[in-house]
Amino acid sequence: MSSAQIEIQLIASLVAMACAIPGTFLVLRKMALITDAISHSILPGIVIGFFVTQDLSSPLLIILAAASGVLTVVLVEFIQKTGLVKEDTAIGLVFPVLFSIGILLIAKNANDVHLDVDAVLLGELAFAPFDRLNIGEFDLGPKSLWIIGTILLITLGLLLAFFKELKVSTFDAGLASALGLSPVVIHYGLMTVSSITTVGAFDAVGAILVIALMIAPAATAYLLTNDLKKMLLLAVIFGVGSAITGYWVAHGLDASISGSMTTVLGVVFLMVYLFAPNKGLLSVLYRQKQQRIEVSLLTFLLHLGNHKEKEERHVKHLNEHINWQKVQSKSVLELALKNNMITIDNEIVSLTQKGKKFTKEAIDYIVTNKNSEIENMKDRFFLFRG
Amino acid sequence: MDLQEYIELVFTDYTLRTITLGTAILGAICGMLGSFAVLRKQSLLGDAISHAALPGIAIAFLVLGTKNSAAFLLGALVSGLIGTFWIRGITRKTHLKSDTALGLILSLFFGFGMLLLTYIQKQPNANQAGLESYLFGQAATLLESDVWLMIIVTGISLVILLLFWKELKLLLFDPEYTKTLGFNTKFLDILITTFIVVAIVLGLQTVGVVLMSAMLLAPAAAARQWTNNLAIMVILAAIFGASSGVLGTAISASHNNLSTGPVIVLVAGAFVLISFVFSPGRGLLFREIRFRKNRNDLQLHKTLSFMYDIASTHEDISHPHAIKILNNFQGFTRKSLQKLEDKNYIKVHGNMWSMTASGFHTAANLYNQLVKAEEDE
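Which chain is which? The protein sequence lines are A and B, in order. So for the first sequence, the working numbering puts the first residue at 589; every next one is plus one. So for the second sequence, the working numbering puts the first residue at -18; every next one is plus one.
Keep in mind the hints are simulated off the structure, nothing from the lab. One should not assume that every hint holds.
Only some residues are given here: those of chain A computed to face chain B with a beta carbon under 8 Å [what the hints assert, rightly or not]:
#1 LYS618
#2 ILE796
#3 GLY847
Not the full set, but computed from the structure, chain A residues with beta-carbon under 10 Å of chain B [said to hold, decoys possible]:
#4 VAL615
#5 VAL685
#6 ALA695
#7 GLY729
#8 GLY745
#9 ALA749
#10 PHE751
#11 SER844
#12 ALA864
#13 PRO865
Note that this is a predicted model, so its numbers are computed, not measured. Glycine included, C-beta positions come from ideal geometry on N, C-alpha and C.
Using the sequences and the hints given, assemble the complete structure.
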């Protein structure tokens, strides 16, 4: 590994960490799409900032661009408050307009601005090590490393200082304001941090991939845990892991680094989405299937419990009476038999002692809706786990 | 270039005619289908789908090795639909909310698309140039065949809309009721979503991935302000969309260095702004005017009922009183007295006022209504 490669991976990891922290809170607060809006609408801020400062990495430019990000949030909220359109429409209207203004500003001044529209969307991580911060004779490393490092430090500092406040206001806004924490301050604080992070990451990964770095690690982590601290930690790990893996994939394919970072994030999310225990697609589908079978079983047992007559309890009768398909009635019958709930005597089905007890407990639960009745069933049946 | 010259040019110049027609039709179909997206609260679906279409375009190119609009459209359509259904899968099967799902699909698909695009650019193949035009759109690359394709798709979606009009309308406003009536809501849902995806994919070449969502939303959001009737809204949105296309093309054609896509979006944004402010029913301006008028009416009523209280203490209701005694009541101004006089409720002589019979009658009824309202409570 050359030193440039190490530097690129370091920058990518820092960007991923800096994005994952505000991203986690945005996902939890159901404001993930505001990053979409911010990442697009900081463009005019960057262009105007560039006209003023003539330097893409000056702090003033970052502040101007971050201000236009916050302006977007304010605009969206203003439009939403008028009640003329819904919130999502407001977001969808504001950022394309601001982004268009940015593109036109670049196009109109193409000769003066060293801003490439492609670079706006993609960023150029590969060139980051060439823009170095020098003080006198000393080479202090790439400029973007310092910028994103500073942003990350500030974000971490704010996170540690206001963790409790953020947590309360994210999960219970009412309680937070009752405790005297202003929701407005926390909201705009988070928005400001998100905007500044977006601007800082913009250089490295471009406008749209910032969204991926903010949302994807947080969403992936959210599928695995319900604990805020663990979620933050997992999001950071997923972000940094994908950033480094993504770099080597891009190296192998000779393609865009940010593109391959996002692709790796996508693959990680897909895996977790499919295989996560409890919340993954497969386990949800399995649970739903189990519940369906158990509902059938319960219906069947209740039916048996209600009928003393023999003809109602005939095996053949199941199909027509409860209106089940042949395969389904057969599998339910087998399940009940396997659990010793029923006995089949000369094609006549009867409940066993255990079956009667089960049916009674289930009815008690349905009627009273009290959990105590089904405590002992929870281990065996998905249906009663809630 | 003056207006007449420009209009002549639109009819004679092949490129300009194609672009104008293309953007107009695109605006119309986006407005039409966008109305459904906005009313179904799926405004940002357009944004997600347009980004999600990118890998489809890149894969179509990788498979074919040449640029072919129809194949690109198909690729974009397939990957847009995959994105849409994955979004549904995420929101239905996990506890992630729709905003997270939209943002995820948007950014992940787009990132994957960019990976493929940059990979293609490094390939030794001369044909790849111009693929980036799908990012921001290049109306100048529109061909007559593209316009024909748009016309055909618009025609088909019009027919489908008309055929399923009643069902779609019902689905929009009361999905539960639609279900109980026995309509196949799943089919209707997929039908309208598919057509929204088609409209988005059609627009990619012209306005590009990033700005496509505005094309879908802006005309519909503008049209929504002028009417509460779905049919009128759809028609209005189509008109707004088409006019933004034509106007945007005209503005960008008559200046240097103005790309068509962003200009169209800005024109559509201007339509929205105008509608937000000036629409008579919901607009901010008329809302403010109504608000002030109501406030003034209330002030007048307050003054009048105060005068009534004073006048009713006298046997002769038209007995003159000094204006001064109204002073401790803040609701009166010279103007409001003038207004009351204009309505023939009071007469003003110098610094004295007296109530007329009609004023007394109105004030008495006003007061009675108030008493009545109090009793009701």
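So, going through the hints one by one against the coordinates:
1. Contact between LYS618 (chain A) and chain B, as hinted, is supported at the beta carbon level, the nearest pair being about 5 Å apart and thus within 8 Å.
2. The interface hint given for ILE796 (chain A) is met, as the beta carbon of that residue sits about 5 Å from the closest beta carbon of chain B, less than 8 Å.
3. At its closest, the beta carbon of GLY847 (chain A) sits 3 Å from a beta carbon of chain B; the interface hint therefore holds under the 8 Å criterion.
4. Interface hint at VAL615 (chain A): satisfied, since its Cβ lies 5 Å from the closest Cβ of chain B, which is below the 10 Å cut-off.
5. At a threshold of 10 Å, the smallest CB-CB gap from VAL685 (chain A) to chain B is about 4 Å, leaving the interface hint in force.
6. Because the smallest distance between the Cβ of ALA695 (chain A) and any Cβ of chain B comes to about 5 Å, under 10 Å, the interface hint for this residue holds.
7. Because the closest C-beta pair between GLY729 (chain A) and chain B is about 26 Å apart, greater than 10 Å, the hint is violated.
8. This hint is violated: GLY745 (chain A) has a C-beta 26 Å from the nearest C-beta of chain B, more than the 10 Å allowed.
9. With its C-beta approaching chain B no nearer than about 26 Å, ALA749 (chain A) sits outside the 10 Å limit, and its interface hint is violated.
10. Given the 10 Å rule on beta carbons, the hint for PHE751 (chain A) is violated: about 22 Å separates it from the nearest Cβ of chain B.
11. Hint on SER844 (chain A) holds. Least Cβ distance to chain B is approximately 4 Å, under the 10 Å limit.
12. Residue-level restraint check for ALA864 (chain A) holds (minimum Cβ-Cβ distance to chain B is 8 Å; threshold 10 Å).
13. Of the supplied interface hints, the one on PRO865 (chain A) is violated, with its beta-carbon coming no nearer than about 13 Å to a beta-carbon of chain B, more than 10 Å.
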